[in-house]
Amino acid sequence: MKIYVVSKENYEEFVKDFEAKNGGDAYIAISIKDYENLSLNFAELRRYIEQQKQIIVYYEEAVKPEAPEEQ
Amino acid sequence: MFSSIKIAMLLFVLAAAGGGVFYVKKLQGDLEIARANVAKMEVAVQTSEASLKLEREETVRLNNLNMELGTQLRRAEQYGDELRSTLQKHNLTHLANKKPGLIQNRMQNATDKLWDDLESITAVPDGMQLSDSGTENSNGN
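Protein sequences appear in the order of chains V and B.
Residue numbering for the first sequence follows the numbering used here, beginning at 3 and increasing consecutively.
Residue numbering for the second sequence follows the numbering used here, beginning at 95 and increasing consecutively.
Fair warning: there could be bad hints in the mix.
[What the hints assert, rightly or not] Far from chain V, some chain B residues (derived; all Cβ distances over 12 Å):
#1 PHE96
#2 ILE101
#3 ARG168
#4 ASP175
#5 THR180
#6 TRP209
[To be verified] PhoX-like, lysine-lysine: derived pairs with alpha carbons at most 20 Å apart:
#7 V:LYS55 with V:LYS4
#8 B:LYS119 with V:LYS4
#9 V:LYS10 with B:LYS192
#10 B:LYS207 with V:LYS10
[Stated by the list, open to error] Partner residues are not named here, just some residues of chain V that face chain B (Cβ under 8 Å, in silico):
#11 MET3
#12 GLY26
#13 ASP27
These are computed hints drawn from the structure, not numbers from a lab.
These numbers were taken from a predicted model, which means no experiment stands behind them.
Quick reminder that beta carbons are idealized off the backbone N, C-alpha and C, glycines included.
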């Protein structure tokens, strides 16, 4: 996924480069604030997945049968 | 007269001896039962002690697992905390207006890393099979 950060400073250059690369000038834009929200939501998603994984590991370890003692 | 007293005494002595033998036999039987009960109780005590030992070991093991889980759960919050801190520290809108190229590179790198991390943490671990592998779903269309 390619991200472009565009402001008044580089708008003209962006339009030119974008059209040259993608053959059109239609694109999806997202505000900085929404990008921040999106990244925070993804951070939450990542936290949730990682915590669920750790909880699964915990239960797997908790119910694991005891290793037989060596003679 | 004298011989009947002798006979009576003899009978009394014999009866007393018979009673004594019977009493000793009964005592021996009771003793055997008591010994058997003691042996059973000893086995029960050993079993209880073994259970208690196992329970204590399990408690220690589960406590350690709980602490490890707590550590891992807190560690999972680290990325979000750092991101929130970074976003609070910097005014991204201002920076994007002033230095769009710089912010673009940083956003691109952070986003690429996030995709890689998400791919990594959702990957199937080595040696683990998917639940539907090797079986046929008879309910499928």
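Cross-check of the supplied hints:
1. No Cβ of chain V comes within 12 Å of the Cβ of PHE96 (chain B); the nearest lies about 80 Å off, and the non-interface call holds.
2. At roughly 72 Å from the closest C-beta of chain V, the C-beta of ILE101 (chain B) stays outside 12 Å, upholding its exclusion from the interface.
3. Annotated as non-interface, ARG168 (chain B) brings its C-beta within 12 Å of a C-beta of chain V; the closest such distance is 10 Å.
4. For ASP175 (chain B), the non-interface assignment is contradicted: its Cβ lies about 9 Å from the closest Cβ of chain V, within the 12 Å cut-off.
5. For THR180 (chain B), the non-interface assignment is contradicted: its Cβ lies about 10 Å from the closest Cβ of chain V, within the 12 Å cut-off.
6. Not every CB of chain V lies more than 12 Å from the CB of TRP209 (chain B), the least distance being 7 Å, so the non-interface label is violated.
7. For the proposed pair LYS55 (chain V) and LYS4 (chain V), the alpha carbon gap of about 30 Å is over 20 Å, so the pair is violated.
8. Annotation: proposed proximity of LYS119 (chain B) to LYS4 (chain V) is violated, straight-line Cα distance about 99 Å (limit 20 Å).
9. Pair hint LYS10 (chain V) plus LYS192 (chain B) holds up; C-alpha atoms about 9 Å apart against a cutoff of 20 Å.
10. Distance restraint check for LYS207 (chain B) and LYS10 (chain V): the Cα-Cα separation of roughly 28 Å exceeds the 20 Å cut-off, and the hinted pair is therefore not satisfied.
11. Of the supplied interface hints, the one on MET3 (chain V) holds, with its beta-carbon coming within about 6 Å of a beta-carbon of chain B, less than 8 Å.
12. Using the Cβ-Cβ criterion of 8 Å, the hint placing GLY26 (chain V) at the interface with chain B is not satisfied: the shortest such distance is roughly 20 Å.
13. Nearest Cβ of chain B to the Cβ of ASP27 (chain V): about 18 Å, over the 8 Å cut. The hint is violated.
The structure is inconsistent with the numbered hints 3, 4, 5, 6, 7, 8, 10, 12 and 13, although it conforms to all the rest.
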